[in-house]
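Please build the complex by placing chains E, F and H with the ligands on the supplied structure of chain U, with the hints as guidance.
Residue-level listing of the chains:
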Amino acid sequence: MATKEDLDIETLLEIYRRSMRVYKTDERFRQMLTSGKLRLVYYPVRGQEVLSAAMMAALNLDDYLVTTYRGVHDQVAKGIPLRDLWAEFTGKVTGTCKGKGGPMHITDPATGVMVTTGIVGAGLPIANGLALASQQSGDGRVTVVCFGDGASNIGAFHEALNLASLWKLPVIFLCQNNRYAEHTAYSAGTAAKQIIDRAPGYAMEAVRVDGNDPIAMHLVACEAVARARAGEGPTLIEAMTYRMLGHTFGADFSYVPAEMQEEAKQADPIPLFRALLAERGIDAATLEAIENAIGAELDEAVEHALSSPYPDVDELRIDVLKEEIAA
Amino acid sequence: MATKEDLDIETLLEIYRRSMRVYKTDERFRQMLTSGKLRLVYYPVRGQEVLSAAMMAALNLDDYLVTTYRGVHDQVAKGIPLRDLWAEFTGKVTGTCKGKGGPMHITDPATGVMVTTGIVGAGLPIANGLALASQQSGDGRVTVVCFGDGASNIGAFHEALNLASLWKLPVIFLCQNNRYAEHTAYSAGTAAKQIIDRAPGYAMEAVRVDGNDPIAMHLVACEAVARARAGEGPTLIEAMTYRMLGHTFGADFSYVPAEMQEEAKQADPIPLFRALLAERGIDAATLEAIENAIGAELDEAVEHALSSPYPDVDELRIDVLKEEIAA
Amino acid sequence: MSKDGAISFAQSINQALDEAMAASDKVMIFGEDIADAQGGGVFKATSGLSTKYGTGRVRTTPIAEQAIMGAAIGAAIAGYRPVAEIMFMNFLTVCMDQLVNHAAKLRFMSGGKTFVPITVRCTTGAGVGFGGQHSDMLEAWFAHVPGMKVVTASNPAEAKGLLLSAIEDDDPTLFIEDIMMYAQKGEPLAAGEKIPLGKARVRREGSDVTVITYGRPVAQMDKLAEELAGEGISAEVIDLRTIAPFDEDTVLNSVAKTGRAVIVHEAIKSFGVGAEISSRIHEELFADLKAPVKRVGSKYCPVPFSPPLEQAFLYSQDEVYASIRRMMG
Amino acid sequence: MSKDGAISFAQSINQALDEAMAASDKVMIFGEDIADAQGGGVFKATSGLSTKYGTGRVRTTPIAEQAIMGAAIGAAIAGYRPVAEIMFMNFLTVCMDQLVNHAAKLRFMSGGKTFVPITVRCTTGAGVGFGGQHSDMLEAWFAHVPGMKVVTASNPAEAKGLLLSAIEDDDPTLFIEDIMMYAQKGEPLAAGEKIPLGKARVRREGSDVTVITYGRPVAQMDKLAEELAGEGISAEVIDLRTIAPFDEDTVLNSVAKTGRAVIVHEAIKSFGVGAEISSRIHEELFADLKAPVKRVGSKYCPVPFSPPLEQAFLYSQDEVYASIRRMMG
Ligand SMILES: Cc1ncc(C[n+]2csc(CCOP(=O)(O)OP(=O)(O)O)c2C)c(N)n1
Ligand SMILES: Cc1ncc(C[n+]2csc(CCOP(=O)(O)OP(=O)(O)O)c2C)c(N)n1
Ligand SMILES: [Mg+2]
Ligand SMILES: [Mg+2]
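Residue numbers (the working numbering), protein chains in the order written: chain U, 1 to 327; chain E, 1 to 327; chain F, 1 to 329; chain H, 1 to 329.
With the rest of the complex left out, here is chain U (with noise of 0.2 Å):
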């Protein structure tokens, strides 16, 4: 559908920008779990850069987002503040968090990361509240909920999608249709021959689009952003992508056909995405400073998180209701 021309170099840089803030922060994540200088369950987001950052590109800063456990990149694509995420990453008492919550639940008003949940599909319905309070207020925000290809077939999902067209949310279901879920492919768990198939079925508008293509991503992102900015109603997105690691970093994914990792490889996002900005002019020594930028940032953050404090036991007092527990 779109052609390269469609997008200002600008736009195209922006998201290139976040595309690296994402593949670095990933990398650096592994990297440090390779080495044993971080213990964590941490679940890696290789391959699926391009499309968050098109996605969070088309966005305010202020519109809410609602993701997974496996999230790291929309919300370093939205722009939480790395130093912030990695002291959450290590549970430090600087996090965005205060360490509570951890990576399975990182929350930055602030960015508009409004919930992070690891129970697969239980974003879906809180999106539609964040945007009913958008719809009821007239704050003209817009909600974006990410989710997997594996959360379409939970009873959340259906519950969600018919709501937000019933009522016509400024909702986006971004479903990043990735192929796995866990170390079930696919066809093993969705009957659907796409997940688009579902929309009709709410009367909702939905589209399905190469994730890992910048600009076509950055389109279909910003109809859906008009359409709901506009009180058209919620849009389904399906941002077709590939999960290049394992479901968790370090499991086995020997379950994935040899062949399709081989393919997934020549269609890795940031490689073309390099190829495409090159194409368009872009030298390599303006992509090193971008990257340059972003790994001084890092070093900043991780050191940052590495000597923040712990929380101080008594945390676990405070917040679980308003008035602190008695100890």
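One thing to keep in mind: the hints can contain errors.
Claimed, not checked - Between beta-carbon pairs, the in silico distance windows are:
(1) F:Glu-226 to H:Lys-199: 42 to 48 Å
(2) E:Glu-223 to H:Ala-37: 32 to 38 Å
(3) E:Glu-223 to U:Asp-268: 46 to 52 Å
(4) E:Pro-109 to F:Ala-23: 54 to 60 Å
(5) F:Ala-229 to E:Pro-109: 53 to 59 Å
(6) F:Glu-283 to E:Arg-39: 24 to 30 Å
(7) F:Gly-48 to E:Phe-253: 47 to 53 Å
(8) U:Gly-138 to F:Glu-226: 52 to 58 Å
(9) H:Arg-326 to U:Ser-35: 45 to 51 Å
(10) H:Ala-37 to U:Ala-203: 42 to 48 Å
(11) U:Asp-268 to E:Asn-60: 33 to 39 Å
(12) U:Gln-266 to H:Ala-37: 45 to 51 Å
Said to hold, decoys possible - Here are some, though not all, of the chain F residues that point toward chain U, as calculated from beta-carbon distances under 10 Å:
(13) Ala-22
(14) Asp-25
(15) Arg-59
(16) Ile-68
(17) Ala-71
(18) Pro-117
(19) Lys-149
It is worth saying that the hints were derived from the structure and are not from the lab. For each residue, glycine too, the CB sits at the ideal point set by N, CA and C.
Only chains E, F and H with the ligands this time, still in chain U's reference frame:
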């Protein structure tokens, strides 16, 4: 689709007999509730008799049925003994479930009535399990699960249809679209233009039919049964009908537009069925004989129920677990 | 409201919702059949509200409890104070994840950056003949969930005052209504009045034994205490009002005084709310107790349909009476 | 199995499933990622089974816990003995209706005409750093539900023996596995052996105090009892194995003898399983008790992520030790 020549008269009379068993049973319940001889929460089935009769006439006695609180038409059309049904509705120890389940929880494995649930949508996943047992054992049985239009909006519907299609289960999802869910009109709860619009999202066969037309409904039912028995997988049937009374007996339904009520009276399946039979040469005496036989059976069933004893309070300790609970 | 000024439980709920909506445009209501186009709710608790406040704020939903609860949670995080009606308590089982894994945990998991001021109303109770799937009292489940409150009311005025406080409260609150009480009439609560959460009410002072209860049994225990007084036994009756976190001070002060306690609830006894209260009393007041704390609850079985079974299933007032007589020696 | 014959908890689960499937072709398994094409399960508990018994009997499902549970229930009613794997205990919140309103009630509601011999396996537990939505111990909820059993195991051999009995049992059983124990090794159970449901195990006899526990804390309490013995305190350690309905005889007989009791579990203390057991002991043995029964459980908050908080959240062994010392005067 179907024409009135498509069904032989014996089959038609069988459907009529089942319809009248439902009609008379429902009528008797309402009479006794009106006269104060009975007190219970009752879900009328007036208007939905024929669709159920036409469906169940396509089944064998040992095929499985799962239905809901509004299920007396399905149970009676399936062949449940009226004595046992009435005794259960009146809480007697001679009832299908010793009076412990009551009207919302009728079970009678001898006639294939396996589960009656009061939780909207909950029957669908269970029906899959029954169908799975048949698929696994090769016993050739088919499972029919009945539910309303409103039930198509709950998560269990979605999960069940996806799984059934994925596993090609011998199950039929019979949505009885009576245009209301409690007090809520179809379009206030359901974003889909029609329920069958949801089928492509499960790559499932689906058909919409006038449930009040015995011939069309029966042919659709037979086709779905044949598909299931042949191992070709599930079918979603959307049978259009109308709930001619309130959600529960005695409940206000002034929220229903008068024109809709009027239109529904014109489409009342019982007089239409009688007219159809007359056209096919069945005389009034034949129909009367059928009704009289049912009337006599009903008299006996009601008398049996009323004169039966209540269960002993020891029953509270029995059937909780396999082992009796200590007194 | 009837001529003598008495008001039904359902009407009192309606008044509370009305006052809350009038007081703050952040209050919204979601639930099945609740708007006036649908007759104003199956129990009429929301009657008139959609007409008065619009169908933007009073929204009839599809049959989709996860969607209802999720909408409430999301709107709450964004600054609203939604009241979600889950028609029957048993239907919470189809949206437990939203309530337990999300509403109750988001304040903590976000380190206090978000909070979820929702009120979830539901009805339940045995006695109507609804059978096994519409009658369970499941408050013990939610009491076991850190991050949320559980509230129940014993008469129309209490219902209004507590519901108003629940809606104002900044934490998720489950507000349980007993279906057998909807038609019950009682004194209305004065306009503007509220009843604070977390505080039990001593309904009647006494010195021999403390009866701790909540919801439907409260009025029955008031009567029983009256009877016992005639027999020379002075019973103190406590209505917990907030089941979790419960008002330990009031309970423990009372039992420290009486030395005897009975806990009565409609939920089945095993692993019920009474177990926690009984344990707390034993732990704190072991030396002061003149007899072990007694629990009276319903029987260990699903709620039966058959009327005599349904009655026999329910907690027995006679058992409360007999226990107290036995305790008194 | 390692060279010394020791076997891990996960392997032991796998053996039990294997033996059950070999013994009866009515046993089927449903769950996410469980077949060998998906790597044999996230925790490898089902590894090899689909290859051996076919993907008709060992079925990988979509992410749809209601569908999983419903499939198990329906197949059970039709004569099968399905084992449903719900990956994490917290995910039971998305299928509570199927388990609680249906599986647990159908025997009663059908007057015994149907019954639901399913086994639901799930894992949970704090300590891995999974945070608030993957770590809860919710056994108290299910113990409060008449019509089902709740089972947990304290080592690999127990896991196998109890799981085999659960699968054979004619009632729905929730089988809880502690994620921190999967890699733990222990003696294997002899082939063909089983451990009956409903019977607690006295792990160690003692005369001064009874420690009642289940699951992960059992081994820790064994060690603590050893320590206490060194200090001249004789502790009896009871592993409940079946949490509900629990083995009252064994518990009461022991406390009648020792006169002191501590209940220890990983679930949060408030409204937890310990409350029921403590209440029962007080009710039955009030006069025999030398001290009030003590409960030790985890703190009243969602499970935190940050490692030091997660540790501080958990029930404390030191608290058990201190309580016992205090009780002994
Ligand atoms: C209700 C629920 N069931 C199961 C899980 C376990 N689980 C975590 S991630 C996952 C796979 C999800 O796949 P998909 O939606 O495609 O997202 P992806 O991980 O590929 O991004 C599963 C089954 C869960 N977290 N919640
Ligand atoms: C999970 C759940 N939510 C709500 C209800 C309350 N309820 C009972 S029947 C009903 C309407 C169902 O409508 P529909 O599916 O169209 O069936 P009908 O009654 O029209 O046959 C509702 C909302 C319920 N029983 N279960
Ligand atoms: Mg995926
Ligand atoms: Mg309907």
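Which hint numbers doesn't this structure obey? 6, 7, 10, 11, 12 and 13
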